[in-house]
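A.B. asks: Here's the letter readout for the chains.
Protein chains: 2
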Amino acid sequence: MKTDNRPAVVLLSGGQDSTTCLYWAIDAGYGPIHALGFDYGQRHRVELEQAAKIAKLAGAGYAVLPLPTLAAIGDSALIGPGDVGAIDRAGLPSSFVPGRNLLFLTAAAAYAYKLGAHTLVGGMCETDYSGYPDCRRETLDALEQAIRLGMEYEIEIVTPLMRLSKRQTVELAHGLPGCWDALALTLTCYEGERPGCGKCPACLLRAKGFAEAGHPDPAAEPAQ
Amino acid sequence: MKTDNRPAVVLLSGGQDSTTCLYWAIDAGYGPIHALGFDYGQRHRVELEQAAKIAKLAGAGYAVLPLPTLAAIGDSALIGPGDVGAIDRAGLPSSFVPGRNLLFLTAAAAYAYKLGAHTLVGGMCETDYSGYPDCRRETLDALEQAIRLGMEYEIEIVTPLMRLSKRQTVELAHGLPGCWDALALTLTCYEGERPGCGKCPACLLRAKGFAEAGHPDPAAEPAQ
Numbered sequence: 001m002k003t004d005n006r007p008a009v010v011l012l013s014g015g016q017d018s019t020t021c022l023y024w025a026i027d028a029g030y031g032p033i034h035a036l037g038f039d040y041g042q043r044h045r046v047e048l049e050q051a052a053k054i055a056k057l058a059g060a061g062y063a064v065l066p067l068p069t070l071a072a073i074g075d076s077a078l079i080g081p082g083d084v085g086a087i088d089r090a091g092l093p094s095s096f097v098p099g100r101n102l103l104f105l106t107a108a109a110a111y112a113y114k115l116g117a118h119t120l121v122g123g124m125c126e127t128d129y130s131g132y133p134d135c136r137r138e139t140l141d142a143l144e145q146a147i148r149l150g151m152e153y154e155i156e157i158v159t160p161l162m163r164l165s166k167r168q169t170v171e172l173a174h175g176l177p178g179c180w181d182a183l184a185l186t187l188t189c190y191e192g193e194r195p196g197c198g199k200c201p202a203c204l205l206r207a208k209g210f211a212e213a214g215h216p217d218p219a220a221e222p223a224q
Numbered sequence: 001m002k003t004d005n006r007p008a009v010v011l012l013s014g015g016q017d018s019t020t021c022l023y024w025a026i027d028a029g030y031g032p033i034h035a036l037g038f039d040y041g042q043r044h045r046v047e048l049e050q051a052a053k054i055a056k057l058a059g060a061g062y063a064v065l066p067l068p069t070l071a072a073i074g075d076s077a078l079i080g081p082g083d084v085g086a087i088d089r090a091g092l093p094s095s096f097v098p099g100r101n102l103l104f105l106t107a108a109a110a111y112a113y114k115l116g117a118h119t120l121v122g123g124m125c126e127t128d129y130s131g132y133p134d135c136r137r138e139t140l141d142a143l144e145q146a147i148r149l150g151m152e153y154e155i156e157i158v159t160p161l162m163r164l165s166k167r168q169t170v171e172l173a174h175g176l177p178g179c180w181d182a183l184a185l186t187l188t189c190y191e192g193e194r195p196g197c198g199k200c201p202a203c204l205l206r207a208k209g210f211a212e213a214g215h216p217d218p219a220a221e222p223a224q
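Protein chains in written order, with the numbering used here: chain A, 1 to 224; chain B, 1 to 224.
In case anyone wonders, no lab produced these hints; they're calculated from the structure.
Just so you know, not all the hints are guaranteed correct.
Treat identical chains as interchangeable: a pair holds within one or across any two.
The list that follows gives simulated cross-link-like pairs (lysine to any residue, SDA-like), each with its CA atoms no further than 20 angstroms apart [said to hold, decoys possible]:
#1 Lys114 x Pro133
#2 Lys199 x Pro133
#3 Lys56 x Gly178
#4 Lys114 x Leu65
#5 Lys208 x His174
#6 Lys114 x Ala202
#7 Lys114 x Gly131
#8 Lys114 x Ala72
#9 Lys114 x Gly41
#10 Lys114 x Tyr132
#11 Lys114 x Val158
#12 Lys114 x Gln42
#13 Lys199 x Trp180
#14 Lys114 x Ala71
#15 Lys114 x Gly74
#16 Lys199 x Leu57
#17 Lys199 x Gln168
#18 Lys208 x Cys197
#19 Lys199 x Ala63
#20 Lys53 x Ala184
#21 Lys56 x Leu204
With the sequences and hints as input, model every part of the structure.
C.D. replies: Below is the structure:
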């Protein structure tokens with residue numbers, strides 16, 4: 001399917017889920033597609049580089065918006081009680097900033113407004129990330145409403161992975177034209193390694209998904 | 001009234017409305033109070049300096065969060081070159097940054113979470129700014145819901161000026177202990193002048209409010 005009158009903004013982090021969403025959006029007939037990344041002080045800036053490569057491979061536009069606000073808020077934990085690596089009252093690392101996806105999506109909506117796009121696509125998933133309440137569909141429904149009212153502009157937040165397990169996400173990606181090659185470029189590892197370290201929680205979760213789907217991970221080969 | 005167990009984050013731009021809100025919050029018994037500004041690339045950085053002076057005068061904390069995202073997205077006349085009076089395709093002033101208050105409030109909520117505060121106070125007002133849909137109470141109610149769900153944290157967005165005219169806001173400020181002195185430090189002018197240029201729409205609106213309330217503007221004197 002090829003269209004050029006259903007513009008969409010796809011939040012692209014350079015990871016497996018957002019890359020799958022990018023190809024899902026292409027397959028679903030959205031276009032032109034504007035991939036959007038955020039420079040929020042992530043530990044591994046290589047994510048942004050991989051995202052740029054993935055967007056290029058997909059034939060999508062790509063922009064990066066600066067969002068140092070999160071790091072500034074996270075650092076504010078250092079001026080209050082608590083040390084780096086400390087755990088706050090909710091059992092989360094003290095550098096954790098709640099509502100990260102609310103900020104990403106609101107900024108993405110403003111970007112979409114400027115482009116005349118009415119669709120945001122994001123890899124939020126409540127199946128594997130139940131500890132992150134800003135990934136839940138109920139949260140995104142409320143945010144959609146706030147954005148619609150606050151911008152007087154119709155925005156839909158589409159989340160194709162919301163109710164999929166990691167295995168199902170791998171199966172979805174496997175069936176999307178071009179997506180498998182792009183997955184080879186994705187970065188998941190908390191240590192910023194490609195191929196992943198194989199030991200961190202993100203690597204383990206990713207490996208589990210591919211194993212359950214019965215496909216070898218295309219990224220588990222020498223870095224491209 | 002003096003309390004130290006009702007912490008609140010007050011969005012403080014250095015203007016008349018947010019300064020009135022700061023003193024409203026003190027008078028309403030909130031405390032400690034954390035005034036919060038955003039460095040979003042505003043044309044007049046003197047706003048941040050005035051806000052710092054006002055917070056100090058009020059005995060409140062003050063922090064500034066970087067938010068260059070808006071400037072990166074936007075083509076607003078207020079945050080870049082352009083004609084302040086121009087109208088964009090949606091019939092809104094070109095100074096309108098879609099979702100600006102959504103971003104400010106979401107970031108402020110994350111900051112409040114870090115501080116253990118459950119109250120945000122903002123000068124949003126739908127009486128005089130009906131062209132700005134992110135100032136409306138209905139929008140803020142939806143955002144409150146998105147934040148509560150997305151952070152799993154109770155947040156209320158308090159907007160004391162929401163249904164006041166400019167005249168009523170001046171009258172409110174006049175009755176708040178200490179507020180009048182602080183108003184002398186505020187900056188409203190689109191040209192960044194203190195005292196204001198007296199000609200821009202913001203100066204004219206401000207002057208109208210003071211005239212209708214029958215009080216001389218304390219800022220209409222040599223800059224402090």
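A.B. asks: Any hints this thing doesn't respect? Which numbers, in order?
C.D. replies: 2, 6, 13, 16, 17, 19, 21
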